[in-house]
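Chains as they are written, first to last, in numbering that gives the first Met the number 0: chain A, 0 to 289; chain B, 0 to 287.
Just so you know, the hints here were simulated from the structure itself, not pulled from any lab data. Where a beta carbon is used, it is the ideal one built from N, C-alpha and C, also for glycine. Hints are not guaranteed to be accurate.
To be verified - Only pairs whose alpha carbons sit at most 27 Å apart, straight line, appear in this in silico DSSO-like list of lysine-lysine:
1. B:Lys280 with B:Lys174
2. A:Lys76 with A:Lys115
3. A:Lys118 with B:Lys280
4. B:Lys174 with A:Lys118
5. A:Lys205 with A:Lys175
6. B:Lys174 with A:Lys205
7. A:Lys175 with A:Lys118
8. A:Lys115 with B:Lys1
Stated by the list, open to error - If you anchor each label on the Cβ, the simulated ranges turn out as follows:
9. B:Ala22 with A:Gly189: 36 to 42 Å
10. B:Gly188 with A:Leu10: 21 to 27 Å
11. B:Ala56 with A:Leu62: 54 to 60 Å
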Amino acid sequence: MRSSIVFRLSLPQKALAYCALLLLSVPAILPLLWMISTSLKSDTQIFAQGSAGTPPITLKNLLPHPFVWQNYPNALKAIPFLTYLQNTILLCMVTVIGACLSSAVVAYGFARIPFKGSKALFMVMISTMALPTQVTMIPVFALFRWLGWYGTYLPLTIPAYFGVPFYIFLLTQFYKSLPTELSEAARMDGANEWAIFSRVILPLSKSALATCALFQFMGTWNDFFGPLLYINDPSRYTLAYGLQQFLSTHDGEWTQLMAAATLFTLPIVLLFFFAQRTFIQGIATTGGKN
Amino acid sequence: MKKNLVGYAFIAPWLIGFCLFTAFPFLASIYLSFTRYNVVSPPSWVGTANYRMLFTADPLFWKALQVTLYYALMAIPLGIVAGVALALLLNLEVKGMSVFRTIFFLPSIVPSVASSVVFIWILNPQTGLINGLLRNFGILGPAWLQDTAWAPRSLVMMSLWGVGGSMVIYLAGLKEIPTHLYEAAMIDGATAFHRMRHITLPMLTPVIFFNLVMGIIGTFQFFTEAYIMTQGGPEDSTLFYALYLFQRAWRYLDMGYASAMAWILFFVIMTVTGVVYRSQKRWVHYGE
Numbered sequence: 000m001r002s003s004i005v006f007r008l009s010l011p012q013k014a015l016a017y018c019a020l021l022l023l024s025v026p027a028i029l030p031l032l033w034m035i036s037t038s039l040k041s042d043t044q045i046f047a048q049g050s051a052g053t054p055p056i057t058l059k060n061l062l063p064h065p066f067v068w069q070n071y072p073n074a075l076k077a078i079p080f081l082t083y084l085q086n087t088i089l090l091c092m093v094t095v096i097g098a099c100l101s102s103a104v105v106a107y108g109f110a111r112i113p114f115k116g117s118k119a120l121f122m123v124m125i126s127t128m129a130l131p132t133q134v135t136m137i138p139v140f141a142l143f144r145w146l147g148w149y150g151t152y153l154p155l156t157i158p159a160y161f162g163v164p165f166y167i168f169l170l171t172q173f174y175k176s177l178p179t180e181l182s183e184a185a186r187m188d189g190a191n192e193w194a195i196f197s198r199v200i201l202p203l204s205k206s207a208l209a210t211c212a213l214f215q216f217m218g219t220w221n222d223f224f225g226p227l228l229y230i231n232d233p234s235r236y237t238l239a240y241g242l243q244q245f246l247s248t249h250d251g252e253w254t255q256l257m258a259a260a261t262l263f264t265l266p267i268v269l270l271f272f273f274a275q276r277t278f279i280q281g282i283a284t285t286g287g288k289n
Numbered sequence: 000m001k002k003n004l005v006g007y008a009f010i011a012p013w014l015i016g017f018c019l020f021t022a023f024p025f026l027a028s029i030y031l032s033f034t035r036y037n038v039v040s041p042p043s044w045v046g047t048a049n050y051r052m053l054f055t056a057d058p059l060f061w062k063a064l065q066v067t068l069y070y071a072l073m074a075i076p077l078g079i080v081a082g083v084a085l086a087l088l089l090n091l092e093v094k095g096m097s098v099f100r101t102i103f104f105l106p107s108i109v110p111s112v113a114s115s116v117v118f119i120w121i122l123n124p125q126t127g128l129i130n131g132l133l134r135n136f137g138i139l140g141p142a143w144l145q146d147t148a149w150a151p152r153s154l155v156m157m158s159l160w161g162v163g164g165s166m167v168i169y170l171a172g173l174k175e176i177p178t179h180l181y182e183a184a185m186i187d188g189a190t191a192f193h194r195m196r197h198i199t200l201p202m203l204t205p206v207i208f209f210n211l212v213m214g215i216i217g218t219f220q221f222f223t224e225a226y227i228m229t230q231g232g233p234e235d236s237t238l239f240y241a242l243y244l245f246q247r248a249w250r251y252l253d254m255g256y257a258s259a260m261a262w263i264l265f266f267v268i269m270t271v272t273g274v275v276y277r278s279q280k281r282w283v284h285y286g287e
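Chain A extracted, bound-state conformation (with noise of 0.2 Å):
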């Protein structure tokens, strides 16, 4: 670790440094304070600074009073924020289990069986992770419609089983850096690549797999796009498309519309800090690696 001298601040340079970092965590952080408090408040709170006079905001302001837990069960309510959520786990459950199991069964063949074509193939495949959606977007939506597969959840979910790029190299990175004393030793046992793969190589990838699931279930989970261009009936929306939608015919309704979206971030954010550590390295390896 880096403990040298050469990063050694002085006292005053401490102090300048928490002071910057303080100020600058107000705005980082107070976007998400206000909507916590603004949920917890009444209609009646929210509504005065804008009436004649106008008050500024200040930092009493923050605070509720009085507190209106009621917001939450009403938000539920209205939304229907349960059916959402369950539409919503459902996908996320759906899609990262098959983002995973394919995403690892490919990065195998890539990182572990030398065939011809494997080297260009593989440049392909990252290659379209720069591709903008709006190029294949159209006729993919053509294809799902043609498949009568619009207004389910396969043109969400399918998609998913066959393999996500990002994910493909991240898993194909880590594969590679297994010794392969493993897999010789299994084929010495008469092991084909298939047995190998999943006795082996699979059960040593939970880490990495770990960071795709995480991956994949903040992607369903936050997906907007595919729901708005796929799914028409509401009782299929999810939370990502049902919230925006509440908002659109529900103008006005903020105590309840920050209170849903409170609930919606939550999951995201205490998932976060359970999986401090796996998220950082995800995102640091995309970097990284290039």
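Please build the complex by placing chain B on the supplied structure of chain A, with the hints as guidance.
Just chain B, lined up with the frame of chain A:
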């Protein structure tokens, strides 16, 4: 021979998916861009009519390009400067840094639908937080999302709020700069400014380059926030290219036209990233 077969069997899921959901649609959209197509009935060939219309008779196309370019020229450089500056600050060795790191990173993981909803509320001209705070200083804040000049700036501001995502990548880059470079510089009597100018920033250029390319690709596809927060308004001041393309395709069912737009977008992104890629010889340092 058998190795090849087994190899292809393993990558088959991706290869099939690539053909179905990437390669075929990629080629199909070239064809569609020369047709009139509304999804319901088969496409009919119109030659270069869509492209001619776009370049000569569609002021909204130029407006969308201009809006997107303005946003790119603001958000990408500001994002890089803010991201690097924040990473440098967070790389200092003081106690409690992990708490600050979490605080600055948190905004970038908030789902874009949630942050859009929150920012509409915060930017509300009358009851919003920002104008409410500005009133403390006797400042009458702008109408933000309802003002043609401020709406695009609001979206840039919001993108800076989420700068924590790229900050983490810069931070990882900073950690990889070998300490001995700094020690050698110290012995030579280099000031902090010199170390920054001649060691830290040059060593960080590969990461800056990576974020620049990702920023360009992402910005030209900027959609969700604009769709939720402004729907392109007021007066088309936030009619981003991807948003206009979406409206053409799904609101007016003008899918041939939208395909032509997609190809122009693809061409623009390729050109810009190509130029940036060529430029890296001049300013990106690889290795020590």
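Comparing the hints with the structure gives:
1. The straight-line distance between the Cα atoms of Lys280 of chain B and Lys174 of chain B is roughly 24 Å, inside the 27 Å bound, and the hint therefore holds.
2. Between Lys76 of chain A and Lys115 of chain A, the direct Cα distance comes to roughly 57 Å. Violation of the 27 Å bound is thereby established for this hinted pair.
3. Taking the CA atoms of Lys118 of chain A and Lys280 of chain B, the gap is near 25 Å; set against the 27 Å cutoff, the hint holds.
4. Distance hint between Lys174 of chain B and Lys118 of chain A is unfulfilled; the C-alpha atoms sit about 30 Å from each other, more than 27 Å.
5. Distance restraint check for Lys205 of chain A and Lys175 of chain A: the Cα-Cα separation of roughly 15 Å lies within the 27 Å cut-off, and the hinted pair is therefore satisfied.
6. Between the alpha carbons of Lys174 of chain B and Lys205 of chain A the distance comes to roughly 26 Å, so the proposed pair stays at or under 27 Å and holds.
7. For the hint linking Lys175 of chain A to Lys118 of chain A, the alpha-carbon distance of about 13 Å falls within 27 Å, and the restraint holds.
8. For the given pair, Lys115 of chain A sits about 11 Å from Lys1 of chain B by alpha-carbon distance, which is consistent with the 27 Å threshold.
9. Between Ala22 of chain B and Gly189 of chain A the C-beta distance comes to about 38 Å, which sits within the given range of 36 to 42 Å.
10. Restraint check, Gly188 of chain B to Leu10 of chain A: a C-beta distance of roughly 23 Å satisfies the suggested window 21 to 27 Å.
11. For the hinted restraint 54 to 60 Å between Ala56 of chain B and Leu62 of chain A, the CB-CB distance of approximately 56 Å keeps it satisfied.
Taken one by one, the earlier hints fail for this structure at numbers 2 and 4, listed in ascending order.
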